[in-house]
Amino acid sequence: MVTTVTSLGRSGLHDWVLQRLSAVIMLAYVVYLGYFFATTPEVTFAAWQGLFASTFMKVFSFLTLLSVVMHAWIGLWIVSTDYMPKLSIRIVFQAIVIVICLSLLVWGIQILWSL
Amino acid sequence: MIKKRPKNLDLTTVRQPIPAISSILHRITGVVLFIAMPILLWMLQKSFDSAGYAELHAMFTESFLWQFILWAILTSVVYHVFAGVRHLLMDMGIGETLKGGRVSAWSVIILSAISAVLLGVWVW
Chain V
0 MVTTVTSLGR SGLHDWVLQR LSAVIMLAYV VYLGYFFATT PEVTFAAWQG
50 LFASTFMKVF SFLTLLSVVM HAWIGLWIVS TDYMPKLSIR IVFQAIVIVI
100 CLSLLVWGIQ ILWSL
Chain D
0 MIKKRPKNLD LTTVRQPIPA ISSILHRITG VVLFIAMPIL LWMLQKSFDS
50 AGYAELHAMF TESFLWQFIL WAILTSVVYH VFAGVRHLLM DMGIGETLKG
100 GRVSAWSVII LSAISAVLLG VWVW
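Those protein sequences? They're chains V and D, same order as listed.
Heads up: the first sequence runs through residues 0 to 114, numbered per numbering that gives the first Met the number 0.
Heads up: the second sequence runs through residues 0 to 123, numbered per numbering that gives the first Met the number 0.
FYI, nobody ran anything at the bench for these hints, they're computed from the structure.
C-beta: ideal position from N, C-alpha, C; glycine also.
Please note that the accuracy of each hint is not assured.
[What the hints assert, rightly or not] Every beta carbon over 12 Å from chain D, so not counted as near; a handful from chain V, in silico:
{"no.": "1", "residue": "Gly-8"}
{"no.": "2", "residue": "Leu-64"}
{"no.": "3", "residue": "Ile-88"}
{"no.": "4", "residue": "Ser-102"}
{"no.": "5", "residue": "Gln-109"}
[Stated by the list, open to error] Chain V side only, calculated, beta carbon under 7 Å to chain D, not exhaustive:
{"no.": "6", "residue": "Ile-24"}
{"no.": "7", "residue": "Tyr-34"}
{"no.": "8", "residue": "Pro-40"}
{"no.": "9", "residue": "Ala-45"}
{"no.": "10", "residue": "Leu-50"}
{"no.": "11", "residue": "Ile-73"}
{"no.": "12", "residue": "Gly-107"}
{"no.": "13", "residue": "Trp-112"}
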């Protein structure tokens, strides 16, 4: 099996666990942000900046971004193995996805800690 | 492995049961959200200075295109979350029967449709 070298967990079971762990973190973040928008009468610049000012929110946001990136890597890897039977196309696609995931992660760190 | 296995790739000739539709929507919204990630990070970056925040505010109050993009992203998030929770419940052994699978697939689609309307009201 050549293609498994491009999967995140290197095994179906690892991918399975990572996919669910990342899902739960993202679910918590979506609920938390939803709660913020629902309970803030007017989302002003000050309120928005205040939300992201705490270390808690920065770490929570980063954990969520890390989850997004892992989740997308695993998800798109599975999708590509289903719809891209040609190995060369699939490998290039997976490589592009991995590079984008890593770029999003670094960019996200820079954004979160610039505040 | 036998190389010449029969394939039926013409999906229009196959009746798609509701869990199949729910599943493909889960995949489509997943791909949409991956494409949305650079847009979301760009918005987050912009939102952290007051001029950028005002610009975003103007975008989402004036531009129909941006309002639509925001609505599409939020709706995709909600659908993907509902469909994901359905998976997690099934992992816990809840709704694993054929009937349970159909009922939960319908629930995901109906709840998402209602949410899509509510999000539309919120965005516009």
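Hints, verified against the model:
Separation of V:Gly-8 from chain D is adequate, the least Cβ-Cβ distance of about 16 Å exceeding the 12 Å criterion. Distance check for V:Leu-64 against chain D: the nearest CB is about 8 Å away, which does not clear 12 Å, and the non-interface claim fails. Taking the minimum C-beta to C-beta distance to chain D, about 16 Å, the non-interface status of V:Ile-88 holds against the 12 Å cut. Listed as outside the interface, V:Ser-102 is inconsistent with that label: its C-beta sits roughly 9 Å from the nearest C-beta of chain D, within the 12 Å cut-off.
Its closest Cβ contact with chain D, about 8 Å, brings V:Gln-109 to no more than 12 Å, contrary to its assignment away from the interface. Because the closest C-beta pair between V:Ile-24 and chain D is about 12 Å apart, greater than 7 Å, the hint is violated. Because the beta carbon of V:Tyr-34 sits about 14 Å from the nearest beta carbon in chain D, more than 7 Å, this interface hint is broken. Violation of the interface hint for V:Pro-40 is found here, the shortest Cβ-Cβ separation to chain D being roughly 14 Å, above the 7 Å cut-off.
Violation of the interface hint for V:Ala-45 is found here, the shortest Cβ-Cβ separation to chain D being roughly 9 Å, above the 7 Å cut-off. Of the supplied interface hints, the one on V:Leu-50 is violated, with its beta-carbon coming no nearer than about 10 Å to a beta-carbon of chain D, more than 7 Å. A least Cβ separation of about 10 Å between V:Ile-73 and chain D goes past the 7 Å threshold, and the interface hint is therefore violated. For V:Gly-107, the interface hint holds, the least distance from its beta-carbon to any beta-carbon of chain D being 6 Å, beneath 7 Å.
Contact between V:Trp-112 and chain D, as hinted, is not supported at the beta carbon level, the nearest pair being about 11 Å apart and thus beyond 7 Å.
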